[in-house]
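Assemble chains Y, P, D and E onto chain C, guided by the hints.
Chain by chain, the residues run as shown.
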Amino acid sequence: MTTIIHSVAYQKGQRLGDIAIDDISEVVKQPETFIWLGLHEPDDALLLKIQEEFGLHELSIEDAHHAHQRPKIETYSGSIFIVLKTAQLEQGHVVYGETHLFVGSNFLVSVRHGASASYAQVLERCEESTKMLVKGPGFALYALLDFVVDHYQPIVAQFEKDFDAIETDIFKGQFDGLVIERLYDLKRRLLELRNAALPVIDISSELIRLHEELIPKELRAYFRDVQDHVSRLAGLIDGMREMLTTAMQVNLALVANNQNEVVKRLAGWGAILAIPTVIFSLYGMNFQWMPELKWRPGYPVVVAITLLGCVFVHRRLRRAGWV
Amino acid sequence: MTTIIHSVAYQKGQRLGDIAIDDISEVVKQPETFIWLGLHEPDDALLLKIQEEFGLHELSIEDAHHAHQRPKIETYSGSIFIVLKTAQLEQGHVVYGETHLFVGSNFLVSVRHGASASYAQVLERCEESTKMLVKGPGFALYALLDFVVDHYQPIVAQFEKDFDAIETDIFKGQFDGLVIERLYDLKRRLLELRNAALPVIDISSELIRLHEELIPKELRAYFRDVQDHVSRLAGLIDGMREMLTTAMQVNLALVANNQNEVVKRLAGWGAILAIPTVIFSLYGMNFQWMPELKWRPGYPVVVAITLLGCVFVHRRLRRAGWV
Amino acid sequence: MTTIIHSVAYQKGQRLGDIAIDDISEVVKQPETFIWLGLHEPDDALLLKIQEEFGLHELSIEDAHHAHQRPKIETYSGSIFIVLKTAQLEQGHVVYGETHLFVGSNFLVSVRHGASASYAQVLERCEESTKMLVKGPGFALYALLDFVVDHYQPIVAQFEKDFDAIETDIFKGQFDGLVIERLYDLKRRLLELRNAALPVIDISSELIRLHEELIPKELRAYFRDVQDHVSRLAGLIDGMREMLTTAMQVNLALVANNQNEVVKRLAGWGAILAIPTVIFSLYGMNFQWMPELKWRPGYPVVVAITLLGCVFVHRRLRRAGWV
Amino acid sequence: MTTIIHSVAYQKGQRLGDIAIDDISEVVKQPETFIWLGLHEPDDALLLKIQEEFGLHELSIEDAHHAHQRPKIETYSGSIFIVLKTAQLEQGHVVYGETHLFVGSNFLVSVRHGASASYAQVLERCEESTKMLVKGPGFALYALLDFVVDHYQPIVAQFEKDFDAIETDIFKGQFDGLVIERLYDLKRRLLELRNAALPVIDISSELIRLHEELIPKELRAYFRDVQDHVSRLAGLIDGMREMLTTAMQVNLALVANNQNEVVKRLAGWGAILAIPTVIFSLYGMNFQWMPELKWRPGYPVVVAITLLGCVFVHRRLRRAGWV
Amino acid sequence: MTTIIHSVAYQKGQRLGDIAIDDISEVVKQPETFIWLGLHEPDDALLLKIQEEFGLHELSIEDAHHAHQRPKIETYSGSIFIVLKTAQLEQGHVVYGETHLFVGSNFLVSVRHGASASYAQVLERCEESTKMLVKGPGFALYALLDFVVDHYQPIVAQFEKDFDAIETDIFKGQFDGLVIERLYDLKRRLLELRNAALPVIDISSELIRLHEELIPKELRAYFRDVQDHVSRLAGLIDGMREMLTTAMQVNLALVANNQNEVVKRLAGWGAILAIPTVIFSLYGMNFQWMPELKWRPGYPVVVAITLLGCVFVHRRLRRAGWV
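Protein chains in written order, with the numbering used here: chain C, 1 to 323; chain Y, 1 to 323; chain P, 1 to 323; chain D, 1 to 323; chain E, 1 to 323.
One or more hints might be untrue.
Because identical chains cannot be distinguished in the list, a pair is counted as satisfied if it fits within a single copy or across any two copies.
[As the list claims (entries may be wrong)] Calculated cross-link-like contacts (lysine-lysine; reagent style DSS-like; alpha-carbon spacing at most 30 Å):
1) 49 to 217
2) 294 to 131
3) 161 to 172
None of these hints come from the bench; they were simulated from the model.
Excised from the complex, chain C in its bound form:
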């Protein structure tokens, strides 16, 4: 059964060792002990087993069955249920996963769905700071939240790079359909990440305000740190969203401007070309009595006048910015 990633018991901040699922309900009864269980896409049987061992609420288990929840925190008697969106960069693309957490006074169960880094390293890092782990699953919960939020960071950085590239392209004069598609696509991705990250602020805030038994006073600063981290990312995302909207307008304005230039040029050159067109067709008429036609220097004189007219009009239009 590879879906159980780790199942460890801790006592007074020290690792007691791995324990079997069936022993959980017994170990949990010991004082100053808590169990940290990590699952990856468990099947229904395992989930029911877990529900029984920890006495979890029916509704939270129902939610844990199907992914595609939005990030939230639900308080049941005896346990808290938290849903988080995890995000990772894979070959330049953002892939989302989901992590469900069941937290009680002496247990923390994490259930990973879809793309997300394993929480094994979170476990290791926590075990290093025994001092904090003494405080029970609250610190482990912080470590997990922090880990999830830390993974949003490189994605926002990637989005910023993408946005800068778009911006540069637009002002370089490349404001075609492709740039618009890239703008649109980035907006969609920003919205998606925002929806994933923002609820973490409310989740942390509710943990601090309502769950004193789980988050002792000394840990509050840590959860506020997580909130702060998300706020900063949300600020960056919202800044980009506002600038994206502006960039879309800028694009439209530049296209309009460009077309204006083209139309002006079209009109300008049309004016210049009107001169030979009219003059040449004038002398293409077949009247018998057209004295100029019989005048010897007629041809060069007319061509010269035409050329001079073109040059004159060209100069005037150039000064007015039309050609």
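Chains Y, P, D and E in isolation, oriented as in the chain C frame:
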């Protein structure tokens, strides 16, 4: 009288059996008993009868007479009046109905108007979990709310499919009047569903906060679950609305861009065609002394120069992206 | 003096009869009695008389002198002053009026300005329900508010009809200046009605919260009903405003689209016409040595080639959607 | 020293008479007495003197030195500091000034900067209502606020007139650069006035809520009246701002529409002119064997066909709305 | 070690003198004494030393290590951690720095990163007002905040100048790509400054509300002054942002308008030129029986008619505003 869909009495979570409307006021007096009455578009006489039997407030009955209410919750002494919008997909179209609920400490009356699935299956499902039904009409109310909200889900999914189709069409280059009409229509439908679904959050919240006698502590998590469900849908709807607005801008930008291309091409080819036009009309003039005309290779030379000129200009314009 | 529409005293819900203005201060002293006075555009002398008889606050009388107030509620010691906007449809146009109400524990004075239906029918309707009228001027106040709000309903319905007509015209292809003017005008009218109706929610809310002596518990549901009614209208208005903004964008998009089509066609047909233009001017040149000109079938062959060229280009452009 | 506009002491609502600056600290000690001092752009020495006499806070004096504050209220121990923006219409232009008020339990100091009407008339008007003046500087403060807010009224009326003129011009067909500049300019002026007026609501609200010692219960209605006045103006301003944004869009839509018409006409007439162009150049070719050229009625027949073709195409295009 | 800018101890508002880092923990214990330490980009060793000496929280030190925090305030047991963004104008460009503050009841540590003026002058200015310095690090904190906020002022002024320049250019007719880029760039810079300055309001507010031990009642007015200063700047920034958005629309409208004019002119002159084109090509036809051609005054008459036609059409179009 087919408008009475069901009229059942429950005692300690067990079905006592169907009861006649006239017996209601008596049965209701028994301890730990509640009556669940389901009506479909009742006439005035029946509504007045119901009002009398349960002692409902005049204003709520007035509201129940005519549909086209907005979803809301009203508290009267002795009973709560709730209006819900029901929605169903029928051949790809969303049809809306309305359900009015009268809830008291020992009764639940549902009145369906227009399109909505029968609540008979809700009844059946509730009867299966006797443990919850013991808690009185509160659980039945949850089951109804949950049923109504569950029906919003496939509609949102349908809207997402529609939106994806529009998006694909736009970026494939099909940004004509029809796409705009589809965008507009989707926006309108999103607004409609949002107005139907969103008030359920406030209704649930008021039920949890203000009606402890009806919603015991154990049931709160269930109503929060309903809230959460609606929040998720509202989040999806709002995300789509934002992207729709952006898509409208994108469409405009693409049209502008496209026109720009057309105008540039028009100008570019106009420039190329100006060459033969001017040269050919030049030699169409009827001057007697035009030495080129009598020059034997004049004709092929002029045509060749014209062609070369066209090719040269075409190349330069192509490099500049004008043709 | 036709400005006094009615001046009636009620005792325990029963009409005592009409009373003269000068007797008011005496009648008002009797227990369980209240006076309902209805005025229409009274002069200054009458207003001062009223102020004296009921002991109204100087500031409220000042406000009552000049219309063009925004809807509001002001609490003075001993009386409440309420300003309402009344609205009516007259030959398809909305005309606004203003009603000022002075309400005390034993009197209700209504002062109508401009367009509004007479409140005489409100009076009659109230007298029918003696049971409610016992509760004093609170119920009369509700009846007036309800009457005013009921008159907003057909106006919103009219606006919806107007909006549907505009919508249909736009998508039928009629997106000219007239449609834009109609959109603009509707937006302005929606804003106006919204400003008139929305404050009633706050007025009702303040009456319920702060004036228990005037609005006994049994009447609260009635005022909430008024609030609910206005909320529904405001919801409809806001929905229309959002769709109006979208319709304006849609209009712009359709115009842009249409122009795009025109420009494309212009370019397409220009390309086709370029063929005969160039070929015919080619053979209009006057070179002496142009062998084709002396070739017998030259003329029909050139015309045929030209025609074939046109047909060929036309077909290709048609396939590309340019002509 | 002309910067002291008035310096008057009042006792029990009666004017005691003018007093010298140096006597202030003595007079102020008398019971039921307050001093009303009016300054106009005082120099530093005078301000320091005033600070000393009334015991004002260092920070408020610092603020009073330089104008260009935003409207605000600051509470210091012993005195309140209020900044107001005054506005006046001068030859159709709005000019702004600033008034700083220092208010204590027994004094009111007003310092005017820039354009504003003298407060001497406020003084006079206050002295007429001795009854209110008994209440101390609170009523004087109200009178000043009311005076300042009353001066915003004609400016908003002027803006409404300007906006109506712009609106009329736009729909009359004059949607050129000048109208856009007028729209833009009006928006800027609206924003400016809004920033000046809106803070008065907060200032009044804070005075009512937090300064009971200064604003006795009987005066509260007066300050609410001021709030109400500003709210009404703010409502008008915000309505105009929303309609201005819409007018900008309308303008763009009308320009787009107009251009569409022009382009369509251009295309339509181009199509008509294509007929003679092609036909005439056809018979301008110099082929020796062109039988039509030798046919006697050739010339009038060709001209007639050309004319008929033009008329036919013109009719069809006219029906389609292209010419 | 040049990263320690100053390290001074104060007792009862008087400078005790510079002290070494290692002596801090001892000096700090003395009553009515506080230490003001100023660092510039310290290395890790120094930060750890500081943490130890003052007993700072691990998380705040972690934050202090890496810059690019957003402005915030964090409360730890025994100390407050504040992050501020500093901004300076350097050759017309805004450069940002960051300052981290650790504040306790008897110490103030400032850590500067990146561009910012030295706080040495703040120190000097504080030492001059011994009266305030007696109140401990609260006043020093105010002085620092005030100093940081004062530096935002010239930047906003610079932005206003830039915006005015853009505005003037737009209405002068220069609405090209460069202006759009300048608008876009200004919007970005405004957003950046806003994000730097706005959090100072919350920081000050939290200091006043929650840290009475640090900010005694007499100092509150000072922190409110800082808040007020930032509010004013934020108001200016938001006003500019709104006008920038409008300016972008104005630009688009002017471009559209301009193009409209160009297209109209193009059409107008095209109409005028159509006259000679058609007439001249008419008489360029080679029919043998064209009586006009043999009519002696044919040529001058035709040219005269053509000219008259052009003049006539030109006049009519000029009146209609087309040429």
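Here is what the structure says about each hint:
Taking identical chains as interchangeable, the C-alpha atoms of residue 49 and residue 217 lie at most 30 Å apart only when they sit on different chains, with a minimum of 26 Å there against 33 Å within one chain. Proximity of residue 294 and residue 131 under a CA criterion of 30 Å is satisfied in neither setting, with 112 Å inside one chain copy and 107 Å between copies. In this homomeric assembly, residue 161 and residue 172 come within 30 Å of each other (Cα to Cα) both inside a single copy, at 16 Å, and across copies, at 26 Å.
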